[in-house]
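> Residue-level listing of the chains:
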Amino acid sequence: MKLHEYQAKNLYAKYNIPIPKGRIATSASEARRLCEELGGKVVVKAQVLVSGRGKAGGVRLVKTPEEAEEVTTSILSMKIKDLPVRKVLVDEAISISKEIYLGITNDRAAQKPVLIACGAGGVDIEEVAQKTPGKIAKMEVDSLLGLRDYQIRDIELSIDLPRQFWRPFGEIIYALWKVYTDCDATMAEINPLVITADNHLVALDAKIVLDENALFRHPDLADLRDIDGEDWAETQGRKFGVSFVKMEGDIGCMVNGAGLAMATMDIISHFGGKPANFLDIGGGASSEKVASAIRLILADRNVKAILINVFGGITRCDEVAEGIVRACRDVASDVPMVVRLVGTNEDKARQILSGASLVYADSLVEGAKKAIDMVRKEDK
Amino acid sequence: MKLHEYQAKNLYAKYNIPIPKGRIATSASEARRLCEELGGKVVVKAQVLVSGRGKAGGVRLVKTPEEAEEVTTSILSMKIKDLPVRKVLVDEAISISKEIYLGITNDRAAQKPVLIACGAGGVDIEEVAQKTPGKIAKMEVDSLLGLRDYQIRDIELSIDLPRQFWRPFGEIIYALWKVYTDCDATMAEINPLVITADNHLVALDAKIVLDENALFRHPDLADLRDIDGEDWAETQGRKFGVSFVKMEGDIGCMVNGAGLAMATMDIISHFGGKPANFLDIGGGASSEKVASAIRLILADRNVKAILINVFGGITRCDEVAEGIVRACRDVASDVPMVVRLVGTNEDKARQILSGASLVYADSLVEGAKKAIDMVRKEDK
Amino acid sequence: MSILATNKVRLLVQGITGNEGLFHTQQMMAYNTNVVAGVSPGKGGDWVLDGKVPVFDTVKNAVEVTGANASVIFVPARYTADAIFEAVDGGMELVVCITEGVPVLDMMRVKEYLKGKTTRLIGPNCPGILTPGEVKIGIIPGNISLPGNIGVISRSGTLTYEVLYSLYKEKRGVSTCVGIGGDPVKGMNFVDVLELFEADAKTDAVVMIGEIGGNDEEMAAEFISRQMTKPVAAFIAGISAPPGKRMGHAGAIVEGRSGSAESKIEKLKSNGVKLADYPEQIATLI
Amino acid sequence: MSILATNKVRLLVQGITGNEGLFHTQQMMAYNTNVVAGVSPGKGGDWVLDGKVPVFDTVKNAVEVTGANASVIFVPARYTADAIFEAVDGGMELVVCITEGVPVLDMMRVKEYLKGKTTRLIGPNCPGILTPGEVKIGIIPGNISLPGNIGVISRSGTLTYEVLYSLYKEKRGVSTCVGIGGDPVKGMNFVDVLELFEADAKTDAVVMIGEIGGNDEEMAAEFISRQMTKPVAAFIAGISAPPGKRMGHAGAIVEGRSGSAESKIEKLKSNGVKLADYPEQIATLI
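Residue numbers (our numbering), protein chains in the order written: chain A, 1 to 380; chain B, 1001 to 1380; chain C, 2001 to 2286; chain D, 3001 to 3286.
Misleading hints may appear alongside valid ones.
Claimed, not checked - Calculated cross-link-like contacts (lysine-lysine; reagent style PhoX-like; alpha-carbon spacing at most 25 Å):
hint, chain 1, residue 1, chain 2, residue 2
1, A, K178, C, K2043
2, C, K2111, D, K3111
3, D, K3117, A, K135
4, B, K1135, C, K2043
5, D, K3052, D, K3008
6, C, K2111, A, K112
7, D, K3111, C, K2115
8, A, K21, A, K41
9, D, K3169, B, K1370
10, A, K178, B, K1178
11, C, K2169, A, K370
12, A, K348, A, K289
13, C, K2115, D, K3117
14, A, K370, A, K380
15, D, K3111, B, K1112
16, B, K1112, C, K2111
17, C, K2274, A, K369
18, B, K1138, D, K3052
19, D, K3115, A, K112
20, D, K3115, C, K2115
21, A, K138, C, K2111
22, A, K21, A, K178
To be verified - Here chain B is said to cover these stretches of chain D; the calculated rule only asks that three of the stretch's residues, wherever they fall, bring their Cβ under 8 Å from a Cβ of chain B:
hint, segment
23, 3127-3140
24, 3146-3157
25, 3277-3283
No wet-lab data here; the hints were simulated from the structure. Here a beta-carbon is modelled for each residue, glycine too, at the ideal position from N, C-alpha and C.
Given the sequences, and given the hints that come with them, work out the whole structure.
Here you go:
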């Protein structure tokens, strides 16, 4: 689960990481007032849960309250990668003498947390990482032992940080480590962490991704979820307990298991079709969940056919069948469906579906081909 | 560093371990008032930093305020193993249905913390441990991972604790573990932990020993040291930064290093003498420290000769020699001294001591024999 | 005997009294797996499945009484790390963790704890192990596989079944199928299991089922080219998946260009592995 | 080459800029020990001892530049655990920790962390290692020992010197002297070092210096009877010491009757070890 920049900054501030003075605004007039309060020179930053807002014009330096109002009006009317901007963060402007990158994430290869720092922070950090990987300092941390002081010193040495900043920088690294472990983050980042013109360290931007699996330990953080700021279909999917990602095609898919769901999309693509979504109903789905999933697929007007592919293990095919029947009854739709059901209670499922107007498939290949044919017929 | 029972109980209470209602009293009238407040039936417990107070009559159940006053008068006039009793703890009396032993300490063999429990707690626990070791449950804990829930369940199973008490008992074990680690204890004990007649768990007694080496992390706990309640000479020794233990003999010893100090005592005993003390001046002692150590030895009127044995490595023999000269100047004493100095700056030391009326020895054996001879002469 | 487990295993089920634990214990026993005990804190002394399996409060206790040497875990995610630690402390040689949704920080701690210990961990979030006709530890359906000489390793759940089923339809037998799970931090990975298959006399070829994310498949490709003498065929799911939601710059810096289906497929192909375009094709490649 | 270290060692001194660190570095270098670097956080870039030894901020940095493979630690007690972790992470083969007063909980954590790692730790609160005429890592005076064939292990500091000196006076040479330190939780113990002496071609007999407390000597006695072919002579200090201040019942339960000088002497004697009545006697026993 991603947090907004302002939420992440509030969290960092609790751990004594210095952040710029700033507040959130949901209207242009509010932004104008905040700009006055903060002394006139501020940065107005769109709060959206995708990256690339800077390049999209969602971050603007302004010098007067009037300008703040004007810019905020424009930002609040933007969509960035399909997501509407509903809030802006108004931060005091800071004179920067140096930008540092600092982040902690889970390194899958090492199976450990890894601390990353670079003396050349900012938006081009990934380019730096690719072109001059030697400039990036990485430090794996033993999660039982925790981050130790000497590891921080090693990082500071590696990025050639002038010694006068070792102490405050070390405190920030340690605080970020605490945020990362205390909050079960999978990623906690400060980019840039700046050295100001008067030699202070300030976290100018903040990014945190929390481990969805660990939210049960953090009800307060779970409450920070901004449903309005997320993709609608994904939010719906989470509500029903299914994993959903919208795509650009026209064949809706409903599958049990993430790997099989991807394979189903792959096979549609392989034979020339275009999947409209990724949808994993998980293991042991109820008929109700199945029905909700189908309704979610049908909410996408591009969908011209649906391919249901279920390999019943924990999941019972008869439950899936009942869900299909229920969805067909509830939603008035003429989108054709191809159904492939194998495994637990497969025979019972066939019986339940015997009355419905569905196309059956015995194999995944057959199912994919039939769905593609339907779309082609439709297109004619 | 040992804490008093009442100090340990206060600490336990901070970690939500249930303790009896009770308060400290330093006079009989105070104890009487506390007894009234607590409803009449109380236990009056001598607060001394040695064990065996129960057998010495330092723990008494009383039924009236008058009796409390009387008993307290008597306890406050006692000495237990040479230590005067200056305070009593007045605790409400508890009806006991079962006594449990619970403790955590460092297991040298395992090099780990070990949790110990027994369904038969109380004063005879060590006898239980020797006669029926099977009744004692032990659980080693990984100090990086910490105590885990299943280990607590294993302990509960091992001592056949009725399941109704698993939850509260588990919470107490976990709290004791927190005390042990948070406070750098080397031992934290509840004996007995009782199940009351109405099925509650209460820590009836409490014992904590803190790691002297870790007190720098716990200034608040270091302040709990009760200097009046300790052996005078040990306290003095700590003040000067030397390790001192009084014994029953007549040959005072001053040595650098604990092992060599013990070996010096052993060799005195081996040749028929009796050491008056253990005294380790540590490594790199200053002349001032040496002088203080000699004064401490001379404070014991039984001392009839002193054997100084220093093997200079970090410790410089000339510093030691200057300390000896200084002590001889400051204290008017006719106790004879045998000096054996080897190692760093040995020659310089001999020069410094050339004027003093001392007996020299080249080896430890020679030194011990000469000191024994001196005492024998004295005794004639 | 194939790899990891035999019918001599003395299996313990952690979380045996839950719905899933109970159902799959029944299934494993129906497959003649030697389930000797269950663990469910607070329920020690009970017996489940018509009095066939005794339940204990702790792993230690279960081991003392039944001599269990392997464990399969069905406990809820919030208790899973503790269950794994308990299994390791209990001396299990093999731990198969089925539970999904385990916090990644918990798993990183588990991995540190496992260092220097002899316990082998499969999972979490995995379907477990099936040696057709002999033993089943986990939830892989038993009726879609025949005994044979093909080793199967998969990061996926139902996709594994799909591949097993396609082998089954072609009457191709399997030595052992190991579902290692798709979580970012987990027990054994592709390389660990490939090593076992390479050494296993009953296995003549290996099928590997991967998916996007991480660089396990890339590591496997290198291992195959360096150490494997047996042929390997693979399917990688996710070539048409939307670009992963990367975790900030940090994820990009750590993972670099690896992780995409293209990267994995290319790396595997260039190291001599035959790639299937879709799951059912795999039976034709070995 | 005797045990643990040779004159090929590339030694790092952690805490080199402190009084003790600096003094003993000088002493070690005077003994021709190959000191390649020092570590002192915040002082990286300095040079000490007339520009002979470069100082680094971290062990990692020192290793990168100088290839150090062993470390001796003189840092204050409150930073010692961190210094050991750093040395282990820095890949040191041998760490000798001189510092005394390290909290026991810190050392228990160190011991857990060392599991499964190859680093050998000596100490803390120990005088270190001396291979007469070859190499000195620590603070054992170099001028009271001759090269020879007797291995010496000791839990004590100055008592070790006493024994070395008595061997010296009898012209008996020493292969290596290892002061393992007297702390309750420490790196290598008697058994670990006895094992090395048993395997060392340069060592023909071993002198062991123990003291009251713990059961290291008892374990050593068992090891000697089971595994040692070389003769062992011992001195145990503390037979006339006051009865130990036991830590509550817990200490008594854990340690039982072991720990006293009598227990140790009896156990060693009954396993074929010759016991000295006083330190100077030991030279006559081997």
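> Take the hints in turn and mark each one as holding or not.
Cross-check of the supplied hints:
1. Annotation: proposed proximity of K178/A to K2043/C is violated, straight-line Cα distance about 37 Å (limit 25 Å).
2. Our distance criterion of 25 Å between C-alpha atoms is met by K2111/C and K3111/D, whose separation comes to about 18 Å.
3. Pair hint K3117/D plus K135/A does not hold up; C-alpha atoms about 30 Å apart against a cutoff of 25 Å.
4. For the hint pairing K1135/B with K2043/C, the CA-to-CA distance comes to about 23 Å; that is within 25 Å, so the pair holds.
5. Taken as a hint, the K3052/D and K3008/D pair is honoured in the structure, with Cα atoms around 18 Å apart against an allowance of 25 Å.
6. With a CA separation close to 8 Å, the supplied pair K2111/C and K112/A stays within the 25 Å bound.
7. Taking the CA atoms of K3111/D and K2115/C, the gap is near 14 Å; set against the 25 Å cutoff, the hint holds.
8. With a C-alpha separation of about 12 Å, the suggested pairing of K21/A with K41/A holds against the 25 Å cut-off.
9. Proximity of K3169/D to K1370/B is assessed by CA-CA distance (about 21 Å); at most 25 Å being required, the pair is judged to hold.
10. Between K178/A and K1178/B the alpha-carbon distance is near 20 Å, which keeps this suggested pair within the 25 Å criterion.
11. Of the pairs offered as hints, the one joining K2169/C and K370/A holds, with about 21 Å between alpha carbons and a cut-off of 25 Å not exceeded.
12. Simply put, K348/A and K289/A have alpha-carbon atoms about 19 Å apart, close enough for the 25 Å limit, and the pair holds.
13. Taken as a hint, the K2115/C and K3117/D pair is honoured in the structure, with Cα atoms around 9 Å apart against an allowance of 25 Å.
14. About 16 Å separates the Cα atoms of K370/A and K380/A, which keeps this hinted pair within 25 Å; it holds.
15. Distance hint between K3111/D and K1112/B is fulfilled; the C-alpha atoms sit about 8 Å from each other, no more than 25 Å.
16. Between K1112/B and K2111/C the CA atoms are separated by roughly 21 Å; this keeps the pair inside 25 Å, and the hint holds.
17. In summary, the hint linking K2274/C to K369/A is supported, as the alpha carbons are separated by about 24 Å, within the 25 Å threshold.
18. Distance hint between K1138/B and K3052/D is unfulfilled; the C-alpha atoms sit about 53 Å from each other, more than 25 Å.
19. As the CA atoms of K3115/D and K112/A are separated by approximately 18 Å, the hinted pair is consistent with the 25 Å bound.
20. Between K3115/D and K2115/C, the direct Cα distance comes to roughly 8 Å. Compliance with the 25 Å bound is thereby established for this hinted pair.
21. Annotation: proposed proximity of K138/A to K2111/C holds, straight-line Cα distance about 20 Å (limit 25 Å).
22. Proposed proximity of K21/A and K178/A is supported: the alpha carbons are some 22 Å apart, at most 25 Å.
23. Check on the segment 3127-3140 of chain D: 3 of its residues sit with their Cβ under 8 Å from a Cβ of chain B, so the three-residue criterion for coverage holds.
24. Requiring three or more residues with a Cβ within less than 8 Å of a Cβ of chain B, the coverage given for the segment 3146-3157 of chain D holds, as 4 such residues are present.
25. For the segment 3277-3283 of chain D, the proposed coverage by chain B is satisfied: 4 residues have a C-beta within less than 8 Å of a C-beta in that chain, meeting the threshold of three.
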